[in-house]
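Same order as they appear, the protein sequences are chains P and B. Letter by letter, the first sequence follows residues 1 to 495 in the UniProt record's numbering. Letter by letter, the second sequence follows residues 1 to 440 in the UniProt record's numbering.
Just so you know, nobody snuck in bad clues.
Counterexamples of contact, computed for chain B against chain P with all Cβ distances above 12 Å:
1. Asp116
2. Met138
3. Asp188
4. Ala191
5. Phe200
6. Val206
7. Val378
8. Arg439
To spell it out: a stretch of chain B is covered by chain P in this simulated footprint if at least three of its residues, at any positions, have a beta carbon under 8 Å from a beta carbon of chain P; those stretches are:
9. 24-32
10. 40-52
11. 259-271
12. 304-317
13. 391-400
14. 417-425
To be clear, the hints were calculated from the coordinates, so they are not data collected in a lab. Even for Gly, the Cβ is constructed at its ideal location relative to N, Cα and C.
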Amino acid sequence: MSVALLVTIVLVLGAVGYLVGAARSRNVVAGETSKLHSRPGYYGSYVLIWATIPALLVLAAWVFTAPVVIENQIQASIPANERIDMSPTQQGLAVNMVESIARGLRLLTEQEMTQATAGFVRLRPLLAEKGVALAGEGEDWMIGSAQLLNRLTDTSRLWRSILVLGLSFGGFALAFIQIRARLRARNRVEGVIHAGLVLASTVAILTTIGIVLSMLSETGRFFSEVPPQDFFFGTVWDPRFANAEDPDAAGQFGLIPLLAGTLYIAFVAMLVAVPIGLFAAVYMSEYAGPRFRAIAKPLLEVLAGIPTIVYGFFALITVGPFLRDLSAQISGIATGDVSGFISAQSVLTAGLVMGIMLIPFVSSLSDDIISAVPRSMRDGSLGLGATRSETVKRVILPAALPGVVGALLMTASRAIGETMIVVMAAGIAANLTINPFEPMTTVTVKIVSQLTGDLEFTSPQTLVAFALGITLFFITLALNVYALYIVRKYREQYE
Amino acid sequence: MTDATLTSGKTAPARKTGRRDIGLKGRYAAERRFRAYGLIAIGLGLLFLFLLLASIIMDGYTAFRQTSIQLNINFDEQVIDPDGGRDTSSMAMLTANYPLLAQRALYDELGIGEDDSDAQRDANALLSQGVRTQLRDMVISNPDIIGTTQPVWVLAHGDVDSAFKGQFDLSIDESRRRVNDRQVAYMDQLAEDNVLQQRFNTGLFVNGASSRPETAGMGVAIVGSFYMMLIVLVLALPIGVAASIYLEEFAPKNRLTDIIEVNINNLAAVPSIVYGLLGLAVFINFVGLPRSAAIVGGLVLTLMTLPTIIIATRAALKAVPPSIRDAALGVGASKMQTVFHHVLPLAAPGILTGTIIGLATALGETAPLLLIGMVAFVADYPATPFDPSTALPVQIYMWSNQAERAFVERTSGAIIILLGFLAVMNITAIILRRRFERRW
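Next comes chain P alone, as it looks inside the complex (with noise of 0.2 Å):
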């Protein structure tokens, strides 16, 4: 039985659970349910529960760990003098080979089969005639295992549903013939909900564990093949991908230009959206009038919305063109010269651009902020005949800092992380320069490029993206916690 056709039984099983549970509870105490521990439908929920959470439970284990156990046992059914020459690779693809010719054999007849068994040269026409075409040459040896896979499919699905159905009729009769008036089903459905509830909050802790571990297997293994001090401290960006006839190529893979380039691009976007964003918060927080903020407000935090793809594409098509061609234009005026000094792709570009999309960030965060210093010490600093901008120079801003700090704090992780501006605005060479005018690159225009391509993850030129993810991830997680502490801290002065 297939997985959705069992899936479908133990629901249904469990929603006809429901309804026989709540009604036999009923029946217990001949319609008087004030005398039931609970209301009705919670005896319902006790058995379906039980008639589906195990059922479904055991169906994903066997989901996830019958295909791992059959391979196994097909890796061990390759001749031992053909495993010796394998290397992996070669062995995940006779295991794919397998598979293919145990699909095609399925759809042969019981005169065909035997046909098939005879040998592999035999076999080849057989499955193409019926649709199945096979990738490479075979031995005679994958048909046995073919045979062998598809024997231990069936059993496997044979035993699944048994246990799968067993369970779950059998969860069925148990909750049934438990149910009398003193069952205290409320309790324990809310037990399992509550359990439910735990397991749904620990989904934020394993996702932390599952960015942290896998990365770091990764990168272990890129680790392995580069070492680390070439790694962190290399000043040259050079991954040559292997080719034929020099698959040792060894890339250099040295981060420091592309670090040097994602944070001159956070930078100059930082340029860009401090100032406009801190004015604009002080602005609105401090001098707009109720109408012009309800307008104002809202459009600058459109913004934040437009995807970062739609500001990629601006700076490319927009931005980029127009700062190439006004330098053209002023080296023209200037000497005469018409090639511009800007790349289309240059990190003014490219922060321009950011430092546009973060605007928002910076002017909310600090308004916030700035909107939760309090009302006497503006007042006093008033009532003492300051005028509104002194008074948010010397009193507003110092008292806000720490958290204006924060803010910047976590706008800096952000256009540290962003990718979609940058690779589409920012080039691919990775430059050590510092004339903003030249393309320059970054950490995660690197992750995209080693990554996009059909590519096999053994090779330090794929392993090197998760090196730089887990760079990335933990340069930004430091900037948080650190804005975090500072925000909190502040935070607690006033309240």
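Using the hints provided, position chain B relative to the given structure of chain P.
Same frame as chain P, now just chain B:
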């Protein structure tokens, strides 16, 4: 303070000549300047927003109309089905020379002679390559039209489309542009006869990926994005709400729940590309789910959206006043009943708005999807979330790498559609908030 009094004491004689100069003028000027800086900052922000939207709309609004040519096509039996089999699945029907039918009709329309091969070549270039599939699908769905003559709107070539929309500079030298003078003359002739027209571009919404701009559409991407949003909704909403309920209503204040809280706040700030790496390592390499499939994209986006939903839900739960809980507990409800029967329904509008905003962010997300291989060229609709597909923002990314003028237009058009979806979602969230907002 003492210093100040001392100085004012020394300057006391000056008071007789007039008011003490305390730099009021300068201070007021500084005040005005400061105010102006604020206004300029807001103005700049709004200007950038305006420029961004204006440049996208200016580039993209033309993508919604597509140049087509109306031809009286004679579905010649000799060309389509010379053996007279009429078996719609036969190879003959699939591989017949359909472009020839359209070309003949076009020669008739333009009055090109049968042996004028130069003129024929130029005329052929007016038609899109997509004519083949269009006519084939017409014939296969309705074999009865073989042998008849039908008026059919066929797509013009992408270059003709650009030229007709005035995106090419026709004054430059003939050899340096993609449409030559004779083709321009043909275009004018067809336009004059009213058979060359701009029509609404339904292909943009229904077609899949194509290397030819005139037949490229976002249908597959819309379906892929829809699957992913469905997965995010089905997984992230229940898990997120359950996690928030536990943390807000049941969790003891201890070390573990503290870690969970800090963790959730940090997860909200993890760069999206890191989630892409997670999806690649866990869902594709470890679990073995297919690459390029909406299911993986949906799972990755779910993990990414969860923190947003949890934070919004907790805020909504916190906003429900304790008196409601106390009243429910007071009449004998269990803690669980209090939460599910009383608190949760009251918090529902807030949860819903948070979820919609989380979904909108997920809809626009590109970077993690690039890593799990959703940049594949997919021309057919995915039947299930396990089939290869693509997503709206990824389709935009792929088109933006194409050089042709017509693809720039389509990219901008696709962005307008994406922004349209986002606007609808955000406006829904705002309306929901306005409509159901409750103040206690």
